[in-house]
Amino acid sequence: MRIFRILIAKPGLDGHDRGAKVVAHALRDAGFEVIYTGLRQTPEQIVRTAVQEDVDLIGLSILSGAHLQLSKKVIELLKKEGIEDVPVFVGGIIPQDDVPQLLQVGVKKVFGPGTPLSEIVQEVKSILQEGVTKTGGA
Amino acid sequence: MYDKEFLRNLSEKAKTWEEQLQAELRKFPERSEKFSTRSGIEIKRVYTPLDLEVMDYLKDLGMPGEYPFTRGVQRTMYRGRFWTMRQYAGFGTAEETNNRFKYLLQQGQTGLSVAFDLPTQMGYDSDHPLAQGEVGRVGVAVDSLRDLEILFDGIPLKDVSTSMTINSTAVILLAMYAVTAQKQGAEISELRGTIQNDVLKEYIARGTYIFPPQPSMRIITDIFEFCSKNMPKWNTISISGYHIREAGADAVQELAFTFCDGIAYVEAAIKSGLDPNVFGKQLSFFFAAHNNFLEEIAKFRAARRIWAKIMKERFKVTNPEALKLRFHTQTGGSTLTAQQPLNNIVRVALQALSAVLGGTQSLHTNSFDEALGLPTEESVQVALRTQQIIAYESGVADTVDPLAGSFAIESLTNEIEQKVWEYIEKIDSLGGMVRAIETGYVQKEIHNSAYEQQVAVEKKEQIVVGVNAFQTKQEHQMKNILKVDPSVEERQITTVRKLKVERDNNAVRGTLKDLKEAAKDGKNIVPYVFDAVRAYATLGEISDTLREVFGEYTESMIL
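Chains as they are written, first to last, in my numbering: chain A, 1 to 138; chain B, 139 to 697.
Do not take every clue at face value.
Claimed, not checked - PhoX-like, lysine-lysine: derived pairs with alpha carbons at most 25 Å apart:
#1 B/611 - A/109
#2 A/108 - B/621
#3 B/564 - B/450
Please keep in mind that the hints were generated in silico from the structure rather than gathered at the bench.
Just need the whole structure built from these sequences, with the hints factored in.
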């Protein structure tokens, strides 16, 4: 089976990267290939990296409150590039009220504070596996 | 501390006690084979005078207000006056934050603390493309002097002390604050407050850096020099362990990395010709209060002793005022849970109590809803009341350093100190903090610690009530979350664009040109920033001018 590639990205100006790095570390330990963008990436930069690195999933980490604008922008750009099938996960300080809106713009899954790493790893696995069966395996 | 005969008797007594205990332990084992703190200090079953055998009261503790200040930096501590109750606040526009400040002062808060939005912290005006979606989110948006005039409207700056969480653009906000005060009729020499201005921790933990380390250190020493001459009551820096701790460090790493940053600043200032006996009085610190109650109290006490020794022994400082470690504390944001949010009130109360028992000079207590979003007026009030209850009802503030002499606390204080010295030696051997940051050593240490902690939570080696134990089905019932009005960004953009048309643009261009020359020629840039601010040059324009001279920093990726 091929190794899935995951992009963990920090869009916007927010500098809180503890969660992003810990999640990246856990996904790497779970056998994925993980690319971490570092701080302050524009949606354009993130999507460019996603294309260049041919990633299977994107995780956005946002704790500044700018999650709606930024996630929407990333998903729009993915569509423009024709790779809207790459699932997008969002993690951070996300008020419960905003979750439906995020899902509506196309975010696949939202993880709030206190989410166990095992749950994130499990969700990533199941969504990627699902993609594999749909396309008949890779 | 004790005579030899007594210790010999006690030692025999303790031995017998341990022997008798063994039989009991076989029948009733303890909860765990080993008890230890997150920073790897093993907690003993019981502490006795035997643990303090080598301690010397006069040398290691002394009297309050005297070297090495283990017992506190003032002689009377909270019997004189309570710590400053200072809640960090700011959101939306200057008008909205001005209202929140007035509310907090009315509620009995005694100092102000300003949160700025990310564009302000990163040196971008609200109309910059990178500011999109971030204006007024995590703090108040500031583009020019005009915003500060509104922010402090009706608040006499000569009477309040104001702390500003601002780092890479600290010199600009300092100038805006001082000019606003002058316009109110105050002398800048009487202003009291703090700018965070601690850039080194931005590279390792908080992320709002703009310039590379060397020019950043130069701006900081320029501020030290300017303030020691013109603003003697102003704390020129708040050397911060808080963000290092929040990024995942343990208590020992928090102190060690903070003091290594401190050493780097003092060395840079001495190198540029400043006297640590003078600027040393204007250094302040900022720590976190996390969950391990006893370890945290010991940490604060150890911190004072370590810094006093660093200043005295390493930098040969003789002025007692420059040996004192004065610090602000904030309860640990990362310890708050989104699950069962009311539990956070109790966590905050215990953390705040540890800071008070540890002798803090000022305190921010977090609001219980901060893992869910920005705090509401109600939750901010509970947070402030928590401090008031500790101050006015608990009685802990009536005697100085009440836990001194506790075998456990003194023993932990000694152990933390020892472990911190070991870390400082390690950083010295790597060539100092700036070098250790450039190579990524510090970032890696913090990340490893964060990961280990998360794994411990997942394995339930560390219990988080409501998260990995004692869960309930009902979650996230918090409906009452503060929303930042989405029109803030638009309004802020309109205002700054209008300003750029209305002001005297020749004056702006002139002052920015002078600033650029000063930055290039190695002159102290602070007076030039004052001139630019007075001419209503924007924060973004001033930052861009400095970017042209100093360049920008890109982090090396460490995982």
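Okay, the hints, checked on the actual structure:
no.	hint	result
1	B/611 - A/109	holds (20 Å)
2	A/108 - B/621	holds (24 Å)
3	B/564 - B/450	holds (20 Å)
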